[in-house]
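The residues making up each chain are set out below.
2 protein chains.
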Amino acid sequence: MSEQTIETQTHTDPDGYVNGVHLETLKGTVSAIAKESALGQCKFRANNTWMGGAHNRTTITGFYGACQEIAHKQQYELHADEPPILAGNDVGANPVEHLLNALAACVTTSMVAHAAVRGIHIEALESELEGDIDLRGFLGLDESVPKGFTDIRVNFRVKTAPENIDTLKQLSAYSPVFNTITQGTNVDIRVEAK
Amino acid sequence: MSEQTIETQTHTDPDGYVNGVHLETLKGTVSAIAKESALGQCKFRANNTWMGGAHNRTTITGFYGACQEIAHKQQYELHADEPPILAGNDVGANPVEHLLNALAACVTTSMVAHAAVRGIHIEALESELEGDIDLRGFLGLDESVPKGFTDIRVNFRVKTAPENIDTLKQLSAYSPVFNTITQGTNVDIRVEAK
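Chains A and B, in that order, give the protein sequences. To convert, note that position 40 of the first sequence is 40 in our numbering; the numbers rise steadily by one, no gaps. To convert, note that position 144 of the second sequence is 144 in our numbering; the numbers rise steadily by one, no gaps.
Be careful, since some hints might not be right.
[What the hints assert, rightly or not] What follows is a set of in silico ranges between Cβ atoms, one per label pair, in the way DEER data are often shown:
| no. | chain 1 | residue 1 | chain 2 | residue 2 | range |
| --- | --- | --- | --- | --- | --- |
| 1 | B | P14 | A | T150 | 33 to 41 Å |
| 2 | B | Q170 | A | K43 | 26 to 34 Å |
| 3 | B | A34 | A | A161 | 16 to 24 Å |
| 4 | B | Q68 | A | G28 | 48 to 56 Å |
| 5 | A | D166 | B | Q74 | 15 to 23 Å |
| 6 | B | A32 | A | Q68 | 47 to 55 Å |
| 7 | B | P84 | A | L141 | 45 to 53 Å |
| 8 | B | E36 | A | T150 | 13 to 21 Å |
| 9 | B | A32 | A | Q41 | 44 to 52 Å |
| 10 | B | T25 | A | R118 | 18 to 26 Å |
[Said to hold, decoys possible] Computed list of chain B residues with no C-beta within reach of chain A, every gap over 10 Å:
| no. | residue |
| --- | --- |
| 11 | D15 |
| 12 | I120 |
| 13 | H121 |
| 14 | P162 |
[Unchecked claim] Lysine-lysine pairs mimicking DSS-like chemistry, simulated, CA-CA at most 27 Å apart:
| no. | chain 1 | residue 1 | chain 2 | residue 2 |
| --- | --- | --- | --- | --- |
| 15 | B | K73 | B | K43 |
| 16 | A | K27 | A | K43 |
| 17 | B | K159 | B | K169 |
| 18 | B | K27 | B | K169 |
| 19 | A | K43 | B | K169 |
| 20 | A | K194 | A | K43 |
| 21 | A | K27 | A | K194 |
| 22 | A | K194 | B | K169 |
| 23 | A | K159 | A | K27 |
| 24 | A | K194 | B | K159 |
| 25 | A | K73 | A | K43 |
| 26 | A | K194 | A | K159 |
| 27 | B | K194 | B | K43 |
| 28 | B | K27 | B | K43 |
| 29 | B | K194 | A | K169 |
| 30 | B | K43 | A | K169 |
| 31 | A | K159 | B | K194 |
| 32 | A | K159 | A | K169 |
Hints in this document: simulated from the structure, not taken from any laboratory. Each residue gets a CB set at the ideal place from its N, CA and C atoms; glycine is no exception.
Excised from the complex, chain A in its bound form (with noise of 0.2 Å):
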């Protein structure tokens, strides 16, 4: 896996934060949704339109949470495409490597809120992802070959004190979308005429 330079950073929070995270706030919707599970409930969504040949863009504006409809501060756009060598133009990422920056960016904030609330302090924290795809399923040259990741490596490296590494490693599965992707989950698409 490719090395690039990442700058270390040292966190020193305020009153009240931890690892940047404000503990009342987080602890504060912990407590309001175990006196009442339907505060729980999401419903998180994304918009996306065709911009022609490989190149799609995602605009994702608000969700639906603690019982009623939340807006985003702002609209998020997001851009897909494909390098030339698979056809494209290169104007975004590819599909498969937004789903890596999802599970990076997913673990490592289930890492640093989990340790937040237990006073673990984190300094630092990067990863690097590497996942692997054999494009024969994709194309359909080979109907037993998987079409998706058949598997993702994601290293860590995390400046805190060395006795909270295991402890990191075991927050790193209430990840939402480690758990989606090792787990599965279900699918269902629609396509009607426009």
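Fit chain B to the supplied structure of chain A, relying on the hints for placement.
Here is chain B on its own, set in the frame of chain A:
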């Protein structure tokens, strides 16, 4: 699911292109991998750096495929964060929204490319995704609650000849991200001291 205005696009393809996909390029890749399966072995990669709190940044620079290291034309940076209600500052889509983006992008690209090689013309294609998560799982409030998405719904609207609709639905099943999410895959997480 919230509606939003999406432009309708008509793709008038120049010679050699179907759905904006250059057929000779795509068919050349397929033919090369059919002859030499090692060319289809890909390793996709992402590097992530924690920025503090719920904010982290992924960089994507290149991948391994066709028996060589291939650099993207540019480096991609993707930011993830959480909204305030989830103790973040909302400077990016959250990780599970990034997963929906990966799924939308991949199924779209898969349908468009497989349609192109079959001579199926698509004039416009858009989708809305919604996925359910019960936060009691992630928060560790109830061990019986799944931590990831339990159901994801993807609704495509496509402008094409009516007889193509069922075929396009079938072609969606070639998507690597769809297969990764529905079938599950191995994710090996390691955590070491920095």
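Verification of the supplied hints:
1. B:P14 - A:T150: 33 to 41 Å: 37 Å, holds
2. B:Q170 - A:K43: 26 to 34 Å: 27 Å, holds
3. B:A34 - A:A161: 16 to 24 Å: 53 Å, violated
4. B:Q68 - A:G28: 48 to 56 Å: Holds - the Cβ-Cβ distance for Q68 of chain B and G28 of chain A, about 51 Å, lies within 48 to 56 Å.
5. A:D166 - B:Q74: 15 to 23 Å: With Cβ atoms ~38 Å apart, the hint is violated.
6. B:A32 - A:Q68: 47 to 55 Å: 52 Å, holds
7. B:P84 - A:L141: 45 to 53 Å: 48 Å, holds
8. B:E36 - A:T150: 13 to 21 Å: For T150 of chain A against E36 of chain B, whose Cβ atoms are near 19 Å apart, the range 13 to 21 Å holds.
9. B:A32 - A:Q41: 44 to 52 Å: At roughly 48 Å between Cβ atoms, Q41 of chain A and A32 of chain B fall inside 44 to 52 Å, so the hint holds.
10. B:T25 - A:R118: 18 to 26 Å: Since T25 of chain B and R118 of chain A have Cβ atoms about 51 Å apart, the given range 18 to 26 Å is violated.
11. D15: At roughly 15 Å from the nearest Cβ of chain A, D15 of chain B sits farther out than 10 Å, so the non-interface label holds.
12. I120: Consistent with the label, I120 of chain B stays out of reach of chain A, its closest Cβ about 12 Å off (over 10 Å).
13. H121: 12 Å, holds
14. P162: 6 Å, violated
15. B:K73 - B:K43: Given that 27 Å is the threshold and the Cα spacing comes to 17 Å, the pair holds.
16. A:K27 - A:K43: Roughly 21 Å separates the two Cα atoms, so the pair holds.
17. B:K159 - B:K169: 13 Å, holds
18. B:K27 - B:K169: Holds, at about 22 Å.
19. A:K43 - B:K169: It holds: about 24 Å lies between the C-alpha atoms, which stays within 27 Å.
20. A:K194 - A:K43: At roughly 24 Å apart (the allowed maximum being 27 Å), K43 of chain A and K194 of chain A satisfy the hint.
21. A:K27 - A:K194: The given pair, whose Cα atoms are some 45 Å apart, is violated under the 27 Å limit.
22. A:K194 - B:K169: 14 Å, holds
23. A:K159 - A:K27: At roughly 24 Å apart (the allowed maximum being 27 Å), K27 of chain A and K159 of chain A satisfy the hint.
24. A:K194 - B:K159: Cα-Cα ~5 Å, so holds.
25. A:K73 - A:K43: Judged against 27 Å, a Cα distance of about 17 Å means the pair holds.
26. A:K194 - A:K159: With Cα atoms ~52 Å apart, K194 of chain A and K159 of chain A exceed 27 Å; violated.
27. B:K194 - B:K43: Holds, because 24 Å separates the two Cα atoms, which is no more than 27 Å.
28. B:K27 - B:K43: Measuring from Cα to Cα gives roughly 21 Å; hence the hint holds.
29. B:K194 - A:K169: 14 Å, holds
30. B:K43 - A:K169: Holds, at about 24 Å.
31. A:K159 - B:K194: Given that 27 Å is the threshold and the Cα spacing comes to 5 Å, the pair holds.
32. A:K159 - A:K169: At roughly 13 Å apart (the allowed maximum being 27 Å), K169 of chain A and K159 of chain A satisfy the hint.
Checked against the numbered hints listed earlier, the structure breaks hints 3, 5, 10, 14, 21 and 26; every other hint is satisfied.
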